[in-house]
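Just need the whole structure built from these sequences, with the hints factored in.
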Amino acid sequence: MFWMVVAGLIFASFMAIVRYVGSEMHPAQTSFMRYALGLVFMLPFFLRMRMTEIKKANFKLHIFRGLLHAFGVLSWFYAMSRIPIAEVTALGFTAPVFATIGAILMLGEKVRIRRLAAVCFGLLGAVIILKPGFVELDNGAIAMLIAAPIFAVADLVAKLLLRQESGPAVVGYLSVVVTIVLAGPAIYFWRTPTNEEWVLLTITAGLATLGHLCFTHAFKIAEMSAIQPAKFVQLMWSALVGYLVFAEVPETTTWIGAAVIVGSIWYIGHREALARRRGEDSVAPSQTSSTSTG
31 MFWMVVAGLI FASFMAIVRY VGSEMHPAQT SFMRYALGLV FMLPFFLRMR
81 MTEIKKANFK LHIFRGLLHA FGVLSWFYAM SRIPIAEVTA LGFTAPVFAT
131 IGAILMLGEK VRIRRLAAVC FGLLGAVIIL KPGFVELDNG AIAMLIAAPI
181 FAVADLVAKL LLRQESGPAV VGYLSVVVTI VLAGPAIYFW RTPTNEEWVL
231 LTITAGLATL GHLCFTHAFK IAEMSAIQPA KFVQLMWSAL VGYLVFAEVP
281 ETTTWIGAAV IVGSIWYIGH REALARRRGE DSVAPSQTSS TSTG
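The sequence shown begins at 31 in my numbering and counts up one residue at a time.
Certain hints may be false.
[What the hints assert, rightly or not] The following label-pair restraints were derived from C-beta to C-beta distances:
id, residue 1, residue 2, range
1, Thr222, Val70, 10 to 20 Å
2, Phe219, Val275, 18 to 28 Å
3, Met79, Trp228, 20 to 30 Å
[Claimed, not checked] Below, simulated DMTMM-like cross-link-like pairs (lysine to aspartate or glutamate); rule was C-alpha separation at most 25 Å, straight line:
id, residue 1, residue 2
4, Lys161, Glu54
5, Lys86, Glu227
6, Lys161, Glu281
7, Lys90, Glu195
No lab work stands behind these hints: they were computed from the structure. Quick reminder that beta carbons are idealized off the backbone N, C-alpha and C, glycines included.
As structure tokens, then:
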């Protein structure tokens, strides 16, 4: 849980800078620069890589995950420029819920009524946050609902990769693939950053890389059901940063909806852990837990 709490604080700080820079720069360029500059921070890892590590890398899965993540990142950066930081964070919590739905629809996994009820409650949490029918649904919220399931699948792939490869390797290859994929859109929307933007974007790259390393470390050493409570701490960090930097005050419905979502994914994770102990086959979508960030 410690590493998830640290990752939450790092990502909250990262999100604040993204919001500030994103108000003047296109999401395609911002997201590209975050990953391109992030490669600089991954250089020490690449220089220390041995040939045995390169040979055992599953490049097909890395490329597939990178393609997914690139589209998710574009949606996420767009959402960051449109809606409050706390709302972006809370909606990102739906990723494991979407992963469970994907396992049911695409992989034919059998689901008992209690876990299905938990999925429904998770979606209810998103509805509480968005308040459809009561307020106009912002395009940023829609973008985040697109990003969440994409991140869910990408994180499931990450969990598979972590069985054979190190956390830094998974983060490093992701940075390479996403940078390549986003290069085209970034060139199309490119404008020369100011000196201040260069500094801030370099900081975001460092924070995001460090946050992903903390996240993958937590991902590797603990059951996701055990670290889900740390997600609410991440929301508190996001709310605090949003308030201090942008005077954003999260609505009561954001807190209520987030609590419902976190509770549902904790229960899904708990049921998956019990199933694994009984030796039942399961895709274990609860093993995925997206940072839901760039």
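Check: Any hints this thing doesn't respect? Which numbers, in order?
Finding: Result: hints 4, 5 break, sorted rising.
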